[in-house]
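Visitor: If you want the building blocks of each chain, they are given just below.
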Amino acid sequence: MKAFVKQSGIVAPMDRANIDTDMIIPKQFLKSIKRSGFGPNLFDELRYLDEGQPDADNSGRPLNQDFVLNQPRYQGASILLTRENFGCGSSREHAPWALEDFGFQVIIASSYADIFFNNSFKNGLLPIVLDETIIDGLFAEVTATEGYELTVDLENQNIVKPNGDLIPFEVDAFRKHCLMNGLDDIGLTLQDADDITAYEVKRKASSPWLF
Amino acid sequence: MTAKTLYDKLWDSHLVKQRDDGTALIYIDRQLLHEVTSPQAFEGLRIAGRKPWKLSANLATPDHNVPTTKTERTIGIQGIQDPVSKIQVQTLDDNCNEFGITQFDMMDKRQGIVHVVGPEQGATLPGMTVVCGDSHTATHGAFAALAHGIGTSEVEHVMATQCLIQRKMKNLLIRVDGELGEGITGKDVVLHVIGVIGTAGGNGCAMEFGGSAIRSMSMEGRMTMCNMAIEAGARVGMVAFDQITADYVKGRDFAPKGDHWEMALEQWADLVSDEDAVFDKVVEIKAEDIKPQVTWGTSPEMVTTVDGFVPRLGDAKDEVERSGFERAYKYMGLEPGQAITDINLDRVFIGSCTNSRIEDLRAAAAVAKGNKVANSVIQALVVPGSGLVKEQAEKEGLDKIFVEAGFEWREPGCSMCLAMNADKLGAGEHCASTSNRNFEGRQGYGGRTHLVSPAMAAAAAIAGHFVDVRQFELVK
Numbered sequence: 632m633k634a635f636v637k638q639s640g641i642v643a644p645m646d647r648a649n650i651d652t653d654m655i656i657p658k659q660f661l662k663s664i665k666r667s668g669f670g671p672n673l674f675d676e677l678r679y680l681d682e683g684q685p686d687a688d689n690s691g692r693p694l695n696q697d698f699v700l701n702q703p704r705y706q707g708a709s710i711l712l713t714r715e716n717f718g719c720g721s722s723r724e725h726a727p728w729a730l731e732d733f734g735f736q737v738i739i740a741s742s743y744a745d746i747f748f749n750n751s752f753k754n755g756l757l758p759i760v761l762d763e764t765i766i767d768g769l770f771a772e773v774t775a776t777e778g779y780e781l782t783v784d785l786e787n788q789n790i791v792k793p794n795g796d797l798i799p800f801e802v803d804a805f806r807k808h809c810l811m812n813g814l815d816d817i818g819l820t821l822q823d824a825d826d827i828t829a830y831e832v833k834r835k836a837s838s839p840w841l842f
Numbered sequence: 170m171t172a173k174t175l176y177d178k179l180w181d182s183h184l185v186k187q188r189d190d191g192t193a194l195i196y197i198d199r200q201l202l203h204e205v206t207s208p209q210a211f212e213g214l215r216i217a218g219r220k221p222w223k224l225s226a227n228l229a230t231p232d233h234n235v236p237t238t239k240t241e242r243t244i245g246i247q248g249i250q251d252p253v254s255k256i257q258v259q260t261l262d263d264n265c266n267e268f269g270i271t272q273f274d275m276m277d278k279r280q281g282i283v284h285v286v287g288p289e290q291g292a293t294l295p296g297m298t299v300v301c302g303d304s305h306t307a308t309h310g311a312f313a314a315l316a317h318g319i320g321t322s323e324v325e326h327v328m329a330t331q332c333l334i335q336r337k338m339k340n341l342l343i344r345v346d347g348e349l350g351e352g353i354t355g356k357d358v359v360l361h362v363i364g365v366i367g368t369a370g371g372n373g374c375a376m377e378f379g380g381s382a383i384r385s386m387s388m389e390g391r392m393t394m395c396n397m398a399i400e401a402g403a404r405v406g407m408v409a410f411d412q413i414t415a416d417y418v419k420g421r422d423f424a425p426k427g428d429h430w431e432m433a434l435e436q437w438a439d440l441v442s443d444e445d446a447v448f449d450k451v452v453e454i455k456a457e458d459i460k461p462q463v464t465w466g467t468s469p470e471m472v473t474t475v476d477g478f479v480p481r482l483g484d485a486k487d488e489v490e491r492s493g494f495e496r497a498y499k500y501m502g503l504e505p506g507q508a509i510t511d512i513n514l515d516r517v518f519i520g521s522c523t524n525s526r527i528e529d530l531r532a533a534a535a536v537a538k539g540n541k542v543a544n545s546v547i548q549a550l551v552v553p554g555s556g557l558v559k560e561q562a563e564k565e566g567l568d569k570i571f572v573e574a575g576f577e578w579r580e581p582g583c584s585m586c587l588a589m590n591a592d593k594l595g596a597g598e599h600c601a602s603t604s605n606r607n608f609e610g611r612q613g614y615g616g617r618t619h620l621v622s623p624a625m626a627a628a629a630a631i632a633g634h635f636v637d638v639r640q641f642e643l644v645k
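Residue numbers (our numbering), protein chains in the order written: chain Z, 632 to 842; chain F, 170 to 645.
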């Protein structure tokens, strides 16, 4: 996993609550057995005017010009600003894979679905939770200012606005540590292999039918 | 001793290690695997040179991609027409063979939807922790198990370590007291709950369903309810252990036998929330208030009763919901204020991990019996949840009832719930579906899903539009 310390980038606004993972990456693309290559099909049904197919060339497909990510001012965006309960529905990790493959490194919303939230950290994608009122303010500023950029400083846990104002945010210490160091948490868990084995011995004695 | 909730007890009994940073290592007893979310996890193991920690904890079956027509199901994987689907199912097969994981493959009559297969085999047991790379893993909580969906990185983590890194969730109790009306099922109850608390209402929570209506509900009804806990935002849905649980589990292939059975029963009796346990939040629902439910929009919380109407903009609680309503009217092709019974159906789908068990098929067949699917309905599918459900239904003659009524009787799989195989909606088509998600495009590009119970879906197939199943004449 790539380490995340500090990122600056253009903010793309998706003013919509309850964006589900079916919307983020539709099911036909889940047939892939790889972890990469989902970016061209991120938000496929919103982004294109026709139905996408797995393993197809997307370059000639008709674009929905109204969709935010197709607008010239948001090209190259790496921060997605959105609304409550982002990533609800299916547990597909293809959702953060697609967001990350497209170029997003940060999501800002007032809340997330639990599984999506968890999956994001495993893939170097930082989901930031902010109050709805701050989100409202950001939406207003992003839409009013072409080329609006934010800097996300994970180490100091704040977002730096173009005028220098800081928006602090919370992040779980363990997740922050893994993200900042690009750590694989299987390796970390295996450091506790003796504890796992000891637990199994105990459990086998109390619930032998499980072994 | 402090009073504990069921979730507290399951958490405590699986705690391997509490870490200083607030995270915990939780032991996983059972991992179910399917073809869509496992290939990258197996690949990760291979790259790192790791082996599964405990082989026997894993059980696999292909479900999402498998075709459901007889012609495509006679020769196994080679019969799958879609080449991309074929590769994915073949990959699961190859991975299970390489790592030595038990798989019910396409030709095995125990194959089916993971969340139907686990309980049916007794591979899901009370007191277990159960995970699967699938959000509907919450289903297994119906057995007083701690079960939730995980992402592919975690699938790999569980295979390699038999543990998950977790933070404890909050305790949420949904108490449904009273007696459910005739024709009201677990599906109606859970849709009603989602309507009350919203799709984010359970975020961050383990959701226990309790109360007298749940205590008298069958295991299948409880599974339907826990299955959809995730549609209310809760990764975990749970029901306490009781005699109904024990009766369902007893004698199943993977269930304990002999002395172990007696030992297990004694242990499982404690899998209930203590009387004075404190929940972070309690939602009380009166069973008598629940009518047959139908979703009208593109989120499970956009739900109303069969005698209700598509809400008007004025009913929205805020600006964000208002714009959600506007998008949903457009996508669903519905007018504000339109009666639910005026929605015409193009297709009907009876199946999915929510409602494809024998009791669901019996309820639908009771409505279908002696009737005919309306001419205006292009297709009405019945897809059993597993090969064993299919076998049982055929033994009871349910397949004949469906076929005579004009339904198609299919082979087991996820099918039109998420349309990864050939079963899908056309753009603009309305479908009465017993599945769990009415998201845009979920059942096919441009497709319009209405979530209902199996009996409601069968009644809608016959009438060609939604009807109140309670007023539908049942042929007894």
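Source of the hints: derived by calculation from the structure; they are not laboratory data. A portion of the hints provided could be inaccurate.
[Stated by the list, open to error] Mimicking DMTMM-like on lysine to aspartate or glutamate, the simulated pairs with C-alpha atoms at most 20 Å apart in a straight line are:
id, chain 1, residue 1, chain 2, residue 2
1, Z, K807, F, D190
2, F, K499, F, D484
3, F, K499, Z, E682
[Said to hold, decoys possible] Simulated DEER-style distance windows between Cβ atoms:
id, chain 1, residue 1, chain 2, residue 2, range
4, F, D422, Z, D688, 45 to 55 Å
5, Z, G813, F, T271, 27 to 37 Å
6, F, K339, Z, D697, 32 to 42 Å
7, F, T240, Z, Q706, 45 to 55 Å
8, Z, D826, F, K339, 37 to 47 Å
9, F, D416, Z, A804, 25 to 35 Å
10, Z, Q702, F, D190, 21 to 31 Å
11, F, G502, Z, G813, 26 to 36 Å
12, Z, G668, F, E453, 43 to 53 Å
13, F, V572, Z, D646, 40 to 50 Å
Using N, Cα and C, we set each Cβ at its ideal position, and we do this for glycine too.
Visitor: Verify the proposed pairing of K499 (chain F) with E682 (chain Z), using a straight-line Cα cut of 20 Å.
Guide: Holds, at roughly 18 Å.
Visitor: May I ask you to test the hint 45 to 55 Å on the CB atoms belonging to D422 (chain F) and D688 (chain Z)?
Guide: Hint holds: Cβ distance 47 Å, inside 45 to 55 Å.
Visitor: Are K807 (chain Z) and D190 (chain F) close enough, with their CA atoms no more than 20 Å apart?
Guide: Between K807 (chain Z) and D190 (chain F) the Cα gap is close to 11 Å, so the pair holds against 20 Å.
Visitor: Holds or violated: K499 (chain F) and D484 (chain F), Cα atoms, limit 20 Å.
Guide: holds (17 Å)
Visitor: Using the beta carbons of D416 (chain F) and A804 (chain Z), state whether their distance is inside 25 to 35 Å or not.
Guide: 46 Å Cβ-Cβ, so the 25 to 35 Å window is violated.
Visitor: Could you see if the CB distance from G813 (chain Z) to T271 (chain F) stays within 27 to 37 Å?
Guide: About 35 Å separates the Cβ atoms of G813 (chain Z) and T271 (chain F), which means 27 to 37 Å holds.
Visitor: Indicate whether the distance between the beta carbons of G668 (chain Z) and E453 (chain F) respects the range 43 to 53 Å.
Guide: holds (48 Å)
Visitor: I want to verify a distance hint. Is the separation of the beta carbons of T240 (chain F) and Q706 (chain Z) within 45 to 55 Å?
Guide: holds (47 Å)
Visitor: Between Q702 (chain Z) and D190 (chain F), is the Cβ distance one that fits in 21 to 31 Å?
Guide: With a Cβ separation near 41 Å, Q702 (chain Z) and D190 (chain F) fall outside 21 to 31 Å, so the hint is violated.
Visitor: Is the gap between the beta carbons of D826 (chain Z) and K339 (chain F) within 37 to 47 Å?
Guide: Since the Cβ atoms of D826 (chain Z) and K339 (chain F) sit about 26 Å apart, the hinted range of 37 to 47 Å is violated.
Visitor: Against the range 40 to 50 Å, how does the distance between the Cβ atoms of V572 (chain F) and D646 (chain Z) compare: consistent or not?
Guide: holds (48 Å)
Visitor: Please test the hint of 32 to 42 Å on the beta carbon pair from K339 (chain F) and D697 (chain Z).
Guide: holds (39 Å)
Of the numbered hints given earlier, the model fails hints 8, 9, 10, 11; all others are met.
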